[in-house]
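In order, the protein sequence lines correspond to chains A and B.
Mapping to my numbering: the first sequence position 135 is 135, numbers consecutive.
Mapping to my numbering: the second sequence position 305 is 305, numbers consecutive.
None of these hints come from the bench; they were simulated from the model.
This structure is a prediction, so every number in the text was calculated from the model and none was measured.
Hints are supplied without guarantee of correctness; some may be wrong.
Unchecked claim - No farther apart than 35 Å at their CA atoms in a straight line, the calculated lysine-lysine pairs in the DSBU-like style are these: (1) B:K63 to B:K82; (2) A:K193 to B:K363; (3) B:K478 to B:K363; (4) B:K403 to A:K193; (5) B:K10 to B:K195; (6) B:K304 to A:K193; (7) B:K363 to B:K281; (8) B:K304 to B:K363; (9) B:K447 to B:K363; (10) A:K38 to B:K403; (11) B:K513 to B:K195; (12) B:K513 to B:K363; (13) A:K193 to B:K507; (14) A:K193 to B:K447; (15) B:K142 to B:K129; (16) B:K253 to B:K447; (17) B:K253 to B:K63; (18) B:K232 to B:K82; (19) B:K478 to A:K193; (20) B:K507 to B:K363; (21) B:K513 to B:K253; (22) B:K63 to A:K38; (23) B:K304 to B:K507; (24) B:K304 to B:K447; (25) B:K403 to B:K478; (26) B:K195 to B:K142; (27) B:K281 to A:K193.
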Amino acid sequence: MAMTESPLDTSNIDQEQLLASAEKGTSLWADAWVRLRKNRLALVGLAILVFLTVVSILTPWIAPYGYEVQDLALGASAPSREHWFGTDIFGRDLLTRVMYGGRMSLAVGFVATGVALVIGVLWGTVAGYAGGRVDAVMMRIVDILYALPFMIFIILLMVVFGRNILLLFLAIGAVEWLTMARIVRSQVQSLRKQEFIEAAYSLGLSRWRIIHRHLIPNTLGPVIVYTTLTIPSVMLLEAFLSFLGLGVQPPASSWGLLINNGVETMEEYPWLLIFPGLALSITLFSLNFLGDGLRDALDPRASKD
Amino acid sequence: MALLDVSNLKVHFHTRNGVTRAVDDVSFSLDAGETLGIVGESGSGKSVTCYSLLGLIPMPPGKIESGTALFNGEDLLNCGEKRLAQIRGDDIAVIFQDPMTCLNPYLTIGEQLIEPLTYHRNIDRKAAKERAVEMLREVGIKAPERRYDSYPHELSGGMRQRVMIAMALIAEPKLLICDEPTTALDVTIQAQILKLIRELQQRHGVAVIFVTHDLAVVSQVADRVLVMNQGKVVETGNTRQLFANPQRAYTRKLIAAIPTGSKAQPRVQDEAPLLAVEHLKTWFRDYSVGYFSARRHPEVGHIKAVDDISLHINRHEILGIVGESGSGKSTLGRAILGLAPVTGGQINYRGERIDQLGNRQRKPLRQQMQMIFQDPYASLNPRMTIFETLAEPLLVHGLATRKTVTAQVLALMDDVGLARNYIRKYPHEFSGGQRQRIAVGRAIATKPEFIVADEPVSALDVTIQAQILDLILDLVDKHNLTMMFISHDLSVVRYIADRVLVMHHGKVIEEGKTESLWTAPAEDYTRQLLAAIPRFEVDAPAHNL
Chain A
1 MAMTESPLDT
11 SNIDQEQLLA
21 SAEKGTSLWA
31 DAWVRLRKNR
41 LALVGLAILV
51 FLTVVSILTP
61 WIAPYGYEVQ
71 DLALGASAPS
81 REHWFGTDIF
91 GRDLLTRVMY
101 GGRMSLAVGF
111 VATGVALVIG
121 VLWGTVAGYA
131 GGRVDAVMMR
141 IVDILYALPF
151 MIFIILLMVV
161 FGRNILLLFL
171 AIGAVEWLTM
181 ARIVRSQVQS
191 LRKQEFIEAA
201 YSLGLSRWRI
211 IHRHLIPNTL
221 GPVIVYTTLT
231 IPSVMLLEAF
241 LSFLGLGVQP
251 PASSWGLLIN
261 NGVETMEEYP
271 WLLIFPGLAL
281 SITLFSLNFL
291 GDGLRDALDP
301 RASKD
Chain B
1 MALLDVSNLK
11 VHFHTRNGVT
21 RAVDDVSFSL
31 DAGETLGIVG
41 ESGSGKSVTC
51 YSLLGLIPMP
61 PGKIESGTAL
71 FNGEDLLNCG
81 EKRLAQIRGD
91 DIAVIFQDPM
101 TCLNPYLTIG
111 EQLIEPLTYH
121 RNIDRKAAKE
131 RAVEMLREVG
141 IKAPERRYDS
151 YPHELSGGMR
161 QRVMIAMALI
171 AEPKLLICDE
181 PTTALDVTIQ
191 AQILKLIREL
201 QQRHGVAVIF
211 VTHDLAVVSQ
221 VADRVLVMNQ
231 GKVVETGNTR
241 QLFANPQRAY
251 TRKLIAAIPT
261 GSKAQPRVQD
271 EAPLLAVEHL
281 KTWFRDYSVG
291 YFSARRHPEV
301 GHIKAVDDIS
311 LHINRHEILG
321 IVGESGSGKS
331 TLGRAILGLA
341 PVTGGQINYR
351 GERIDQLGNR
361 QRKPLRQQMQ
371 MIFQDPYASL
381 NPRMTIFETL
391 AEPLLVHGLA
401 TRKTVTAQVL
411 ALMDDVGLAR
421 NYIRKYPHEF
431 SGGQRQRIAV
441 GRAIATKPEF
451 IVADEPVSAL
461 DVTIQAQILD
471 LILDLVDKHN
481 LTMMFISHDL
491 SVVRYIADRV
501 LVMHHGKVIE
511 EGKTESLWTA
521 PAEDYTRQLL
531 AAIPRFEVDA
541 PAHNL
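Build out the structure end to end from the sequences listed, making use of the hints.
Right, dumping it as C-alpha cells:
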C-alpha cells in the first residue's frame, strides 16, 4: 500500500538510539529534560534556584555572622567591606539575615506549594474523573474550606497548637490546594470526554492507571503555570502572617519580614529594602522562567508549531 | 468580463520550521452566475485560496506573496482592510463548514440575520426584519416569524445551515463562497441543502465558489472544477468532461479512491454467532422532564438512544451499521463494549451473558473486544509516544514483558503500515491517516476477536480513507476478526460490510446482505437514504486518441 501521507523527516535520527530510548518508560519526562536543556532562560532560572537552595541549606555554616548577633553601637550602616549588605538598626548583618530569611522563605514556598500541588492535583483529578456524587461531595468540601475565613483558621490553629513553623506550612498548604483542585478538576472534566480516555478505558486499564498515565500528564500545563504563581503568593502570605505576629518572629527572619521592616525605614536606610527585595525578585523571576520552560518542555506539541 | 479574476496567487506561511507554500501560483476566473468547484484533500490549499481573497487568513504567519484578485475590476489583495470589510458580507459572502460553531449562541437568529443589513446598508430594523423573515422563508424554514426570535441551540444542524445560507444571501452578494457547507451534515440533509443552494443561485444569479473534498458533491453542483494538490492547480475544466476524462494522474487517483461497488468476495463465515444482542435498550434520562414524572412515566422521561434492538454477528463477519446522526448507532456499539449503560435486554458473547459484568470481571473480555474511534486527533493521548500507546495494552494485559515489548510493538507497526523509525514520535507529528493507523494498531494489539469500528474513516480524506479501509479489510482477514462497522457513509459501508443493518431513531429499520439491500431495499427509509447519496456524475468518457 502506498504511503501518500506526508513523510516525516527522521533521516537525522539514529535508529538504534531511537529504539533504545523508546524502551525507557518515562519518556515524557526524559523528553521534557532534553527540550528544557535547549531553553537557555529556563536553565538560568534553574541554576539560580539551585544556587539559592544550596546557599540556604548551608547558611548556618557559611553565614558571616550569627543571625542574632547585634552591634548596637554600629546601628544601621550602609554596605561596607565588613557588612556587604549593610546592617539594620540593631547593627545586625543584613547579608546574614537575608541568608537566614531565604531558608525560611524558600522552605515555605516549596513545601507549602508542594503540599498544595500533591493534594490539589489528586483531589481535582479524582473528583473530575469520578463525576456524579463523588465529585459533588468532594467539591462541596472544597467550597466549605474556601468559605472558612483564612485568618481565623490560622489563628485558631496557632491558639490550639502553639506557634510552630511546621504548622505554618500546613496552614498555608491547606489553603492553597483548593484553587489547584478546582483548576485540575475543570481540566479533567473536559479531558475525560475525549476519545483517548474512552479508548484507555475500553482497553481495560485500571482507573488508577488512567488517572496517572492519561489524565494527570495532560493537565500539567495549567498546573505548572499555577504552581509558579503559587510559590510567590505563598511567600508573601508568610510575610503577611509574620507581620501580624503569627509566623516568624525576629531575630529569626524571612524575606517577607525583612521587606516589611525595610519599607518602614525606606527613606533613611534604603538598603534594608533593596537587598531582601532583590533576593525575592530574583527568585520569582527564576521561577517564572523555569515554569514557562517546563510548561513548553512538557508539551510535546509546543516544540514545533 | 469575469466577475472574479485571480491570477498568480501565492500565499506562504512562515513558521519556525520554514516556509509552507499553502497556495502556489493559482489562477482562475469566475463569471457571474457560474459555479466553480474547488476540490482537493486537506492541506491542498483550497480553503486558504478562498480565505486569502477576503483577508481572512492569519497574517502573520500567512503572507500573500504575489498575485492579483480582480473583483469587478478592483484588486481585493490590494484595496486595504477597510474596503475589504465593506466587500465582505456585502458583495462576497461566506458559508462555513460547521453550522454549530459559526452562529453566536448568545444572539437570536434574527439579530444575526439583520446585522449585515443594518451594518452595510443602513436599513432600519423594521424593514430589515421583514427582509430577514422573507429570507428565512426562502431557505425553507417553517414559521419564520417565530424562528426569528429563536437562539441557535434551538435549531437542528440542518436548520442552522439554512440560517447560515440565509445570512450569507440576505445582503444579496454577487459572490458566495461555500467552504465544505455540507460536510458536517447527514446525507439526507446534505441533499436538501445542495438543492437549496442550486435553487437560490439560479433565482438570484449569484456566482458560487464551492470548496469541498467530496467529488460526488462537486459533480452535482459545479459548472467548472479546479483540482488542487499541495497548493498548486492540478487541472481545471468543465466538471463533467474533466471527471470523465481526467488528464492528470492525481485526478485519476482521487476518482479511483471513491468507494464504489461492493466487496470483491464475501468472506467465509461460520454460522455460529459470536455476538448476539437481544432486545437491547439504552435509555438516557431526559433532564427536561422532572425526576418524579420520569420515574412514573419512563416512556416520556427518557431519550431512547437504543430502543429494543436485536442483532447477531457471525464469526468472521463484518456487520455494517448505518444511520444518520442521532440514530443511536454509536450508542449501540458502546453499549456492547460496556461503554454505555444497558437499560434492558441481553448481550451474549460466545453464548455467555456479558451485559451485567462489573468492571473487573470485564477485564479479560476487554482483551477480546476492542474499539476503533472516529476522531484520530482525539483518540490518541497527545503526551504519549507511539511506542507507549501501543505498548500499554500489551503490558496491561500481560501479553508482553519488558524485554519483548519493543519487538512486539515494531511488529504491530509493520502490521498497520507505519515505518519503524516513527516509534518515538508523538501523535501531533502525524497526519490524520497515520494517526488512524496507530489507533487501529492499538485496537489489534491485544489480538482481539471482535472490534467495533465507530466511523473510523469519516474524518479522513478520500484517498487516505481508501487506504485505511483496505488496511482494515487486510487485518480482518489476517487476524480472523469479527467486526461491527458503524458509519453514516453508505458507500463506505457497502465497500466493507458483508451484511448491513439500517438504524433510525434507535430502532432497526431494515437488515440484509449488503448487495441485496442496495439493489432492492424493502423499506421507504432505506430507499430515501440511498437516494440521497450524491452520485458521482460524469459524461461518457470521450474516446479521443
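The hints, checked one at a time:
1. At roughly 18 Å between alpha-carbon atoms, K63 (chain B) and K82 (chain B) fall within 35 Å of each other, so this suggested pair holds.
2. For the hint linking K193 (chain A) to K363 (chain B), the alpha-carbon distance of about 21 Å falls within 35 Å, and the restraint holds.
3. Among the hinted pairs, K478 (chain B) with K363 (chain B) is consistent with the structure: their alpha-carbon atoms are about 25 Å apart, no more than 35 Å.
4. For a cut-off of 35 Å, the pair hint linking K403 (chain B) to K193 (chain A) stands: about 34 Å separates their Cα positions.
5. A C-alpha spacing of about 34 Å is found between K10 (chain B) and K195 (chain B), which places the hinted pair at or below 35 Å, so the restraint holds.
6. In summary, the hint linking K304 (chain B) to K193 (chain A) is supported, as the alpha carbons are separated by about 21 Å, within the 35 Å threshold.
7. Proposed proximity of K363 (chain B) and K281 (chain B) is supported: the alpha carbons are some 23 Å apart, at most 35 Å.
8. Using a Cα cut-off of 35 Å, the hinted pair K304 (chain B) and K363 (chain B) holds, with the two alpha carbons roughly 28 Å apart.
9. Restraint check: the Cα-Cα separation between K447 (chain B) and K363 (chain B) comes to about 14 Å, which is no more than 35 Å; the hinted pair holds.
10. Taking the CA atoms of K38 (chain A) and K403 (chain B), the gap is about 32 Å. The hint holds against a cut of 35 Å.
11. Taken as a hint, the K513 (chain B) and K195 (chain B) pair is honoured in the structure, with Cα atoms around 31 Å apart against an allowance of 35 Å.
12. At roughly 33 Å between alpha-carbon atoms, K513 (chain B) and K363 (chain B) fall within 35 Å of each other, so this suggested pair holds.
13. For the proposed pair K193 (chain A) and K507 (chain B), the alpha carbon gap of about 26 Å is at most 35 Å, so the pair holds.
14. Restraint check for K193 (chain A) and K447 (chain B): the C-alpha separation of about 26 Å stays at or below 35 Å, so the hint holds.
15. For the hint pairing K142 (chain B) with K129 (chain B), the CA-to-CA distance comes to about 16 Å; that is within 35 Å, so the pair holds.
16. The straight-line distance between the Cα atoms of K253 (chain B) and K447 (chain B) is roughly 33 Å, inside the 35 Å bound, and the hint therefore holds.
17. With a C-alpha separation of about 31 Å, the suggested pair K253 (chain B) and K63 (chain B) falls inside the 35 Å cut-off, and the hint holds.
18. Taking the CA atoms of K232 (chain B) and K82 (chain B), the gap is about 30 Å. The hint holds against a cut of 35 Å.
19. Note on K478 (chain B) and K193 (chain A): the hinted pairing holds, with a Cα-Cα distance of about 33 Å set against a maximum of 35 Å.
20. For the hint linking K507 (chain B) to K363 (chain B), the alpha-carbon distance of about 30 Å falls within 35 Å, and the restraint holds.
21. The hinted pair formed by K513 (chain B) and K253 (chain B) meets the criterion: a straight-line CA distance of about 29 Å does not exceed 35 Å.
22. Of the pairs offered as hints, the one joining K63 (chain B) and K38 (chain A) holds, with about 29 Å between alpha carbons and a cut-off of 35 Å not exceeded.
23. Between K304 (chain B) and K507 (chain B) the CA atoms are separated by roughly 9 Å; this keeps the pair inside 35 Å, and the hint holds.
24. Restraint check for K304 (chain B) and K447 (chain B): satisfied, since their Cα atoms lie roughly 34 Å apart, inside the 35 Å limit.
25. Among the hinted pairs, K403 (chain B) with K478 (chain B) is consistent with the structure: their alpha-carbon atoms are about 26 Å apart, no more than 35 Å.
26. Note on K195 (chain B) and K142 (chain B): the hinted pairing holds, with a Cα-Cα distance of about 17 Å set against a maximum of 35 Å.
27. For the proposed pair K281 (chain B) and K193 (chain A), the alpha carbon gap of about 22 Å is at most 35 Å, so the pair holds.
Every hint, counting from the list given before, is met by this structure.
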